[in-house]
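**Q** Dock chains B and C against the given chain A, drawing on the hints supplied.
From first to last, the protein sequence lines are chains A, B and C. All letters in the first sequence, in the order written, are residues 1 to 158 by my numbering. All letters in the second sequence, in the order written, are residues 1 to 287 by my numbering. All letters in the third sequence, in the order written, are residues 1 to 790 by my numbering.
If you're looking for bench data, these hints aren't it; they were derived computationally from the structure. None of these values were measured; they are calculated from a predicted model. Hints are supplied without guarantee of correctness; some may be wrong.
[As the list claims (entries may be wrong)] Label-pair ranges, simulated between beta-carbon atoms:
| # | chain 1 | residue 1 | chain 2 | residue 2 | range |
| --- | --- | --- | --- | --- | --- |
| 1 | A | SER4 | C | ASN472 | 32 to 38 Å |
| 2 | B | MET1 | A | VAL117 | 54 to 60 Å |
| 3 | C | PRO442 | B | ASP168 | 50 to 56 Å |
| 4 | B | ASP168 | C | GLN437 | 56 to 62 Å |
| 5 | A | VAL117 | C | GLU105 | 46 to 52 Å |
| 6 | C | ARG49 | B | ASP168 | 45 to 51 Å |
| 7 | C | ARG52 | B | ARG52 | 34 to 40 Å |
| 8 | C | GLY755 | A | VAL117 | 46 to 52 Å |
| 9 | B | GLY184 | A | GLU154 | 39 to 45 Å |
[What the hints assert, rightly or not] Okay, derived cross-link-like pairs now, DSS-like style, lysine-lysine, Cα gap no bigger than 25 Å in a straight line:
| # | chain 1 | residue 1 | chain 2 | residue 2 |
| --- | --- | --- | --- | --- |
| 10 | C | LYS785 | C | LYS773 |
| 11 | C | LYS623 | C | LYS297 |
| 12 | C | LYS60 | C | LYS269 |
| 13 | B | LYS240 | C | LYS444 |
| 14 | C | LYS175 | C | LYS299 |
| 15 | C | LYS652 | A | LYS146 |
| 16 | C | LYS444 | C | LYS785 |
| 17 | A | LYS54 | B | LYS224 |
| 18 | A | LYS17 | C | LYS60 |
| 19 | C | LYS444 | C | LYS396 |
| 20 | A | LYS11 | B | LYS60 |
| 21 | C | LYS562 | C | LYS470 |
| 22 | B | LYS183 | B | LYS240 |
| 23 | C | LYS773 | B | LYS251 |
| 24 | C | LYS785 | B | LYS251 |
| 25 | C | LYS562 | C | LYS577 |
| 26 | C | LYS167 | C | LYS623 |
| 27 | C | LYS551 | C | LYS577 |
| 28 | A | LYS17 | A | LYS54 |
| 29 | C | LYS299 | C | LYS167 |
| 30 | B | LYS281 | C | LYS551 |
| 31 | C | LYS91 | C | LYS239 |
| 32 | A | LYS17 | B | LYS281 |
| 33 | C | LYS551 | C | LYS562 |
| 34 | C | LYS167 | C | LYS444 |
| 35 | C | LYS577 | B | LYS251 |
| 36 | C | LYS385 | C | LYS759 |
| 37 | B | LYS224 | B | LYS281 |
| 38 | B | LYS74 | B | LYS183 |
| 39 | B | LYS60 | A | LYS17 |
| 40 | B | LYS281 | C | LYS785 |
The C-beta atom is built at its ideal place from N, Cα and C for all residues, glycine as well.
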Amino acid sequence: MRISLTVNGVKRVVDVKPNERLLDVLRYRLGIKSVRAGCLVGDCGICTVIVDGKLVKSCLVLAAEANGSNIVTVEGLSTNMRPSPVQRAFVESFGYQCGYCTPAFVLTAHWITENMVNASDEEIARVLNSVVCRCTGYKQIVDSVKLALKWRREGGER
Amino acid sequence: MSLILRTTLPDFDYLLPSSLDELLALKAKYGERAAVIAGGTVLLNLIRLGFRYDYVIDIKGVRELSAIEYREGKGLVIGAAVTLRDLENNEVVRDKYRVLWDAVRQIGDFHLRNRATIGGNICNPTLQADTIAPLAVLGASIEISSMRGSRRVAIWELVKEGGGLLLDPDEILTRIYIPEPPKGSRGAYFKVWWIAGIAALAANIDNPRERIVRIAYSFAPSPKLVEGVERIFRQEKPLKVLIGDAINYIKTIVTPPSDARASREYREHLVEFGTAYLLRKLLGVEV
Amino acid sequence: MSSEFRYVGQPVKRFDVDKVYGGALFASDIELPGMLWIKLVSAPYSHARIKRIDCSEALKIPGVVAVFTGEDFPYKVGIYAADRDVLARGKVLYYGHPIAAVVAESLDIAEKAAETIDAEFEPLPAVLSIEEALSPRAPVIHERLGEYRRASFINPVPGTNIANRVKLRKGDAQKAMEDVDVVVEETYRSDPQSHAYMETWAGAATIRSDGTVEVWSSHQSPFAVRNLLAMSLGLPVSKIVVHHLYTGGGFGGKAGLLLEHIPVLISMKLGGRPVFLQLNREENFYYMAQKPGFLFKMKTGATKDGKLVFHIGEYYLDAGAYADYTVNVIRSSTFMATGPYEIPHIHVDGYAVYTNKVPTTAFRGFGILELTASFEQQMDILAEKLGIDPIEFRLKNALKPGVSITPTQEVLAEDAGDPAGVIRRAAELIGYHIPPQRSEEPWKVRGKGIAAAWKGPVQPPNAASSAIVKLNEDGSVDVLVGTGEFGQGTIIALAQIVAEELGIPVEKVRISPYRSTDLVPYTWQTVGSRGLYSDGQALIRALQDLKDQIKEVAARAFNVFKDEVEIRDGKACVVGKHSECIPLERLALGYTFPSGETIHGPIIGRGSHVPSGTTYLDPETGKGNPKPFVTFVAGGVEVEVDLVTMQVRVLKAVLVTDARIINPGLAEGQAYGGILMGIGLALKEAIGFDEIGALRNPSFLEYRLPRVEDMPVEMIFESLNVPQRNAPYGAKGIGELTALPWQAAIANAIYRAIGVRVKEYPITPERLLKAVKEQRPDILTELRKIMVGV
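Looking at chain A on its own, in the form it has when it is part of the complex (with noise of 0.2 Å):
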C-alpha cells in the first residue's frame, strides 16, 4: 500500500506493506538510520521519533497508521547543518556514551523544550523515564536537558 509521511520537512511517498513497522520503514526505505531498534517491545524507547508533535516508540506503530503524519527524527533537528541548542547541549554535558539511545533522548529533550519549558526535574524525569540507557547512567542525560532548557529560557544559547 502506498502511504505519504512528512520526515523532517519532506513528504515522502512510499510502498509499505500492512505487517511493516514505522521503524523499518524509516530505517530501511526511507534510510533514516539514527531511528534504530532495542527491543522491539516497546520498552527501551531507542526507536523514538516525533509523529505528530507527539513522542513515539516507532517500533509499536505500523507504518500504515502514521499514513498523512508529520514525523521528526534527530536528523530534522540540525538545520543547514548547524546543530539544534538541544544537540549541542547533550555534547556541552557529556550527555552520550555508545550513541545508540541517544537520538531517542535528544529528540524526547527536543520535546521537552518545545512543549515543557518550565518542566520540574520531577516532570523532566517522567518523560525521560522511557527510554533506556545503559552507558551514561542518565546523570548527564539530565544535565543535557536541564541545559537545553535553561538556554530556551533565557532565549538562546550563551
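**A** Positioned in the frame of chain A, the structure of chains B and C alone reads:
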C-alpha cells in the same frame, strides 16, 4: 519442533474503516480472523511473538471512539480508542475520577501513553489491567457493539479469569461509561510493577452512615473487586480500627496468584501493607 | 589535575558528535549491495540429540537462497578454549541453541522460511545448576573437552563439566585456622545477568574476489575478532579485514569474537555474497553470551584485634553451555581472591562449570564484580562479629603499596595507588558514621553501606598495543590506533594527550572512531580498562618518535643541534629563542630550504607498547604477576528500604578512585554509568530459567534495567589522582572499576538499615521479603502494628 524468535511481523491486511458501521461490518465479516488495533502497544507484541491474524482493523478512523465526553451529573463517556495521554491530560478525569487518573499515569511510560488506549488496556491486559480495578471501584459499565446492536454491561460481568473480555467474535468494545462519582470522593492507585495494583475510592469519610470505601485489586492480569469492604466502613468505629478490620477481611477474600513475576507470598504482603498504605493515605489517617 | 596542562585533566568535549547530530554508523546500519539476510533457527531443548533437521519446505520458498546446519561448518570456535560449534552438531547444549541458518533475499522471507524448518530431538538429561553440574552422576556436556584447542593457562578437567580449574595458594590457610579468634563462613550467589547493551549484535560479511574476508560487526576489539576468526576457521590473518564502526555498548559482552563466524562462513559458501545477521533482543538474550551466575563459598578468619589471617574460598561460575571468556574470568576472581586487603594465608579454588544454559562471557569487572559482591559482605560480617567498625576494619587490613604481599605473592608496587585513601574518603563522603536522616514515612528505613575493590586488566603477558601519528600539511595530526569506541570515549582522552604533547589545539587532532584492521596498527583488545593505559603508552611513544623527527628536521633547518630544538604551541623552536620558530605545518612533509632542497619527507611517528613484568601464573599456587597496574575504588551508598513494597531505593552514591583522570567529563560519565549498572545488578536484574532451562525473561519487558527513576538523588565522584608510573600522564583505567562496589555496598546498607542480610543477588523485593521473614520477623509484626493496627 524448533524455536524462531521473530523480528518481522507476520503477514496481515490492514483495514481502516472510517465509520462505526463500517468497522462493525468488517468485524462481523472477519470475526476472530481480525484483530482490532487502537494503540497497538500490546497487539503488535502479541502478533510478533506468535498470535496470527489475517486482518488488523484500525479503529482510530472512527471518530466517536476517540472522544471523551463529560456531562455534569451524568458522568463520563470514554471512547475505546481514547489514549491514556488524553485521559491523563483531562481535567475532569484528574479532578473527579482521581483513581482512574492515578492508575493511568502509572501505566507504561510517558511515550507509550501517547499511543496506548483505555480500550486496549481493558481488552489486552497481558501485563496488568491497570484500568479495570479503578473502573470497578467507579462502578463503570462498558458498551459492546456489533452489527447485531449494542449492549451495556457492568465491566465486571465480562472480565475473563486471567484477563481480557468475554466478547463474541463479531463484537467490539466501543465505549466506557463511568457514572458521576460520589460527591467529594477521593481515589488513589497503588502499583508495584506488573505484580499488583490496588485501586481505592473513598467518599463521605467523616460520616460513617454514608461513608463509601471501595477497593479492587489487579494481579497481573486478573482483577478482583472486594465486595463487603464498604459494609465494614459503615461502622461507627475509629477509622484506624476499621482499616485493620477491612484488611483482615480482605486477607480472607483475596487470594493472589503465584506466577513467574511474583510469588503469592509477596503479593499477599502487598495486599496487606499496600492496602494499609493506600487506605491511610486516602482516609487521611496518620500512622 | 593541576593546571600545568592545557588539555590533560580538562573536560574536553567529545568529538564523536555525529551520535547526537545524526549520521553515526553502527554495524546494525550496514546495508551492502545485494545483501542477503540470515535467520537462525534454534532448539527448544536444553540438552538433546539432534535426530533430524528437515529444511526441504524452507528451500521451496521463493527468495530463500540456502539453509545451513551444523554439519556444513565443521569448526570449533572460542577464545581460551575452542568449545563452541558454529551451529549445533550432533546435540544441542542449551535451550535456544542455534541449529540452522536460513539465508534469504529479505529478513521477512528468511523468517517465514525458518518457521517451516522441522527438527526432531531426543531429549537428554540436562544440567541446570552449578551443583548439578558438579555431581558425579551429572551428564557430561562436553564429551570431548580434553581435545579442544585451548590456551596454555586453561585447565579443563576432561570427563567432568569443569571448563577451568584455578588454584591459588599463599601461606598455609589450613594451619592458620588455629590462630584466629573469629571465623565467618558464608555462601554468596547471583543469578546470571545480562550486559543489556543497547545495540543488539549485528554483523555483515562478504568475500572480495581476491579472497579477502571482510567483516563489519558490533564488537569491542577488531583485532581480537580478526585473530579469533583466523584461529577458529583456519584463515590467514592476511585474508581478513575487520571493520569497526561505532558499537552500541559492550560492557565485556562484545569483547572477543561474537557471531562473526556465521556470516563469514555463509558468505564463503555462497561465493562471497554479502550476508547480514542482526539479532533482535530476544535472540540477543539467547544467542549472545551473558554474565555468569555465581556461587562463592568463603571462610575467613581474623584475630580479635581485627587482623585478617586466613581466607579459604571455593569460587564457582556457571559458565553455561559455552564458556568463552568465563574460563579466564574465574582466574581473575581467584587471583584477586580477597579484594584490596592483605591476608597472609589464602587458599582458593576457582571453577568455571559448564551447564545446559545460555553461554556466558566477560562482563565489566571481569570476575571482580562477583568477588566484591561476596567478599565485601564477608568483611562487614566479620567486622560485626569482631565488634570493630567496618571502616576501621577495612583500613586496618588494606593493602599497602610497596609493602603488602598480594594473593599472587608479589609485593604490591609502590605506585599501585591508595587503597586506604579511597576507603577513607568514600566513608567521609557518604557520612558513614553519621546516622541517616529518618524518613517521614515510618515504613521507609534508611541505612548506609560501603564496599571497596581493586582491579587490573587480566590479560596475557604479551597483550600489546601500537600507534601511528601522521603530521598533516596544515599542522593537524591524524592518529591511528586500534582502540574500539563503544561509548567510553577513550579516543577523546587519547586526542587530549596528543594535543598536550604537541602543543596544538585539540581540534587539530583527528582520531577516527571507525577503523579497519588493515589500516590501523594493532592493539590486543579493548577490554579490562586497558585502552587508555596501553594504547595511551603506545601513543606517547609514537609522539616521542614524531617529535624526535620534528626536532631532527628543525635542527637541520636552524642549523643547530637536535637537543637545542623544543616543540611548543605547535611550533618547533630553538630553545630560549622565541623568534626562531617553524610552525609544524611547514615540517609536515619535511623541510624545504630556500634553495628548494628538501629533507626528510613526511613525518610519521610510530610507537609500540607491551606491559613489562607481567607473567603467566604458577598453575599450582597462582604465584606470578598477572596485571600491569591496578586501580582501587571504594563506593558508599545510602539506601531506603520501603517495607511496604520491599523495594530498595539508593538515595545517595559516592565513588572514590585513586586513578589520575585525563578527562573529568568522561570519567564522571563512567562513574555515573557504573553506579546505575551496579544498582541494576544489585537490585533488579536477573536472567530467569524455567524448569526445562528456557529463559523466563528474554525481553526488556521482564529483564528490568535501571531507568531515570532509579537514579540516586545525589551522586558524587572523586579521584585522589595518584599518578601511576609508566602510564600516560600517570593515568590508569577506571571503566570497569566504577561498577564494582555497588552490590555489596547496597547489601551492607540494607543490613545496617533493617538488620537483614541478603546474600543472593539481585536483592529483589521477593528475596528481601523472604529474608525479613526469616531473619527479622519482628519488623513485620511492628509494621503491622503501626499500619494495620493489629
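**Q** Decide, hint by hint, whether the structure agrees.
**A** Okay, the hints, checked on the actual structure:
In this structure the supplied range 32 to 38 Å is violated for A/SER4 paired with C/ASN472, their Cβ-Cβ distance being about 47 Å. Range check, B/MET1 to A/VAL117: about 56 Å between beta-carbon atoms, so the 54 to 60 Å window is met. Between C/PRO442 and B/ASP168 the beta carbon distance is about 51 Å. The supplied range of 50 to 56 Å therefore holds. Taken as a hint, the range 56 to 62 Å holds for the pair B/ASP168 and C/GLN437, whose Cβ atoms sit roughly 59 Å apart.
With their beta carbons about 49 Å apart, A/VAL117 and C/GLU105 fall inside the hinted range of 46 to 52 Å. Taken as a hint, the range 45 to 51 Å holds for the pair C/ARG49 and B/ASP168, whose Cβ atoms sit roughly 47 Å apart. In this structure the supplied range 34 to 40 Å is violated for C/ARG52 paired with B/ARG52, their Cβ-Cβ distance being about 26 Å. A hinted range of 46 to 52 Å for the beta carbons of C/GLY755 and A/VAL117 is consistent with their spacing of about 47 Å.
At roughly 44 Å, the beta carbons of B/GLY184 and A/GLU154 sit within the given window of 39 to 45 Å. Pair hint C/LYS785 plus C/LYS773 holds up; C-alpha atoms about 16 Å apart against a cutoff of 25 Å. The suggested pairing of C/LYS623 with C/LYS297 holds, with an alpha-carbon distance near 22 Å, which does not exceed 25 Å. For the hint linking C/LYS60 to C/LYS269, the alpha-carbon distance of about 19 Å falls within 25 Å, and the restraint holds.
For the given pair, B/LYS240 sits about 20 Å from C/LYS444 by alpha-carbon distance, which is consistent with the 25 Å threshold. Between the alpha carbons of C/LYS175 and C/LYS299 the distance comes to roughly 14 Å, so the proposed pair stays at or under 25 Å and holds. The suggested pairing of C/LYS652 with A/LYS146 holds, with an alpha-carbon distance near 20 Å, which does not exceed 25 Å. With a CA separation close to 15 Å, the supplied pair C/LYS444 and C/LYS785 stays within the 25 Å bound.
A C-alpha spacing of about 34 Å is found between A/LYS54 and B/LYS224, which places the hinted pair above 25 Å, so the restraint is violated. A hinted pair counts as satisfied when its Cα atoms are at most 25 Å apart, and A/LYS17 with C/LYS60 qualifies at roughly 23 Å. Distance hint between C/LYS444 and C/LYS396 is unfulfilled; the C-alpha atoms sit about 33 Å from each other, more than 25 Å. With a CA separation close to 23 Å, the supplied pair A/LYS11 and B/LYS60 stays within the 25 Å bound.
For the proposed pair C/LYS562 and C/LYS470, the alpha carbon gap of about 20 Å is at most 25 Å, so the pair holds. As the CA atoms of B/LYS183 and B/LYS240 are separated by approximately 23 Å, the hinted pair is consistent with the 25 Å bound. At roughly 18 Å between alpha-carbon atoms, C/LYS773 and B/LYS251 fall within 25 Å of each other, so this suggested pair holds. At roughly 16 Å between alpha-carbon atoms, C/LYS785 and B/LYS251 fall within 25 Å of each other, so this suggested pair holds.
A distance of roughly 14 Å separates the Cα atoms of C/LYS562 and C/LYS577; the hinted pair therefore holds under the 25 Å criterion. For the hint linking C/LYS167 to C/LYS623, the alpha-carbon distance of about 10 Å falls within 25 Å, and the restraint holds. Pair hint C/LYS551 plus C/LYS577 holds up; C-alpha atoms about 15 Å apart against a cutoff of 25 Å. Distance hint between A/LYS17 and A/LYS54 is fulfilled; the C-alpha atoms sit about 24 Å from each other, no more than 25 Å.
Distance restraint check for C/LYS299 and C/LYS167: the Cα-Cα separation of roughly 16 Å lies within the 25 Å cut-off, and the hinted pair is therefore satisfied. In summary, the hint linking B/LYS281 to C/LYS551 is not supported, as the alpha carbons are separated by about 77 Å, beyond the 25 Å threshold. A hinted pair counts as satisfied when its Cα atoms are at most 25 Å apart, and C/LYS91 with C/LYS239 does not qualify at roughly 32 Å. This hinted pair does not check out: A/LYS17 and B/LYS281 have alpha carbons roughly 51 Å apart, beyond 25 Å.
At roughly 6 Å between alpha-carbon atoms, C/LYS551 and C/LYS562 fall within 25 Å of each other, so this suggested pair holds. Note on C/LYS167 and C/LYS444: the hinted pairing is violated, with a Cα-Cα distance of about 44 Å set against a maximum of 25 Å. At roughly 90 Å between alpha-carbon atoms, C/LYS577 and B/LYS251 are farther apart than 25 Å, so this suggested pair is violated. Distance restraint check for C/LYS385 and C/LYS759: the Cα-Cα separation of roughly 17 Å lies within the 25 Å cut-off, and the hinted pair is therefore satisfied.
Our distance criterion of 25 Å between C-alpha atoms is met by B/LYS224 and B/LYS281, whose separation comes to about 21 Å. Restraint check for B/LYS74 and B/LYS183: satisfied, since their Cα atoms lie roughly 13 Å apart, inside the 25 Å limit. For a cut-off of 25 Å, the pair hint linking B/LYS60 to A/LYS17 stands: about 19 Å separates their Cα positions. A hinted pair counts as satisfied when its Cα atoms are at most 25 Å apart, and B/LYS281 with C/LYS785 qualifies at roughly 17 Å.
When held up to the earlier numbered hints, the structure conflicts with 1, 7, 17, 19, 30, 31, 32, 34 and 35 and fits the remainder.
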